[in-house]
Amino acid sequence: LYLPAQTNLHKVFFFKIKNADLGFVEPAQPAAKEGEAQEVTSFESKPNLLQSRSHVFLHYQQLDGNFTKEVYIPLAIQIDGGSYDAEIEEIYTTGYPLPPGNYLLSMAITSPDLQRIGTQYYEFSLPDPMGYTEELGTTPVFFVKKLDRMSAPETRSEIHRGIFTYSVLQVETNFDHVFTAGDNLDVFFFIFGAQANAQGRNDIEITYEVVQGEEAVIRYAVTNYDMALVSQPLPLKRTVLIKTTKEGKTTERQEQRDLEPGAYALSIVVNDKLSGKTLTQLVNFEVK
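Going left to right, the sequence shown walks through residues 360 to 647 as the numbering used here numbers them.
One or more hints might be untrue.
[Stated by the list, open to error] Pairs of lysine to aspartate or glutamate, EDC-like flavour, derived with a Cα cap of 16 Å:
#1 505 / 482
#2 602 / 614
#3 647 / 619
#4 647 / 617
#5 636 / 564
Since the hints were derived computationally from the structure, they do not count as laboratory data.
Construct the complete structure from the given sequences, taking the supplied hints into account.
Listed below in structure tokens is the structure:
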């Protein structure tokens, strides 16, 4: 993912690591001093924690420019040992503000003693936000599972387990775009190329629809925004018209029902009312 960050773009990388490869162990207990009794804490009264320590090395190389950056991140993780599964692959994230361009990310994760190492290489491109003069564009549209506000933004690169940070936001995404009955589609994205008025405000109108094939199964009320950063919860409820006939008299009533299991897409139609430019995005998701 990427999102605007002053003059650059904040690029967020998602990667998976198997628990077994991180070498989780129980934290070492401090030895009792001579003449002192060792405190005994039962398993039930003390959290069953496991911890892991690793080194992460990142190298960003711009392929069509001169930007290069090396980043070192110490990785220290503590998890609940009661739910630990060595074979599970967990999602981790890290981010860094980068100028537009084409890049190669070289990434290495090592054991504390540097004897075990895993590497990955990833090519990616970041658009120029100032290049959207004739058309609209967006950052990748993603679904938010949980969003919290931190007291202050992070001032250095970190590795996070299951979430990523952006400005003062701590975000957990629905990585697989799979939902269950009663969930919301909480979409998050930024619009490039939207015109601002003299007060620096936008006038953006967005139409959302859930579609299945050619059929619109949920139509939401048109939503207006005065800024280009969009965070919008959309309930997965469809309105059903129920007709009842009794003694020759027909009555109608509307009922809200959960969306049935199946494959769907969210249609996002963006209309910049100041410039007249429009954009349509489709994001696939599944209800199980």
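Hint compliance check: list the failing hint numbers for this structure, sorted ascending. 1
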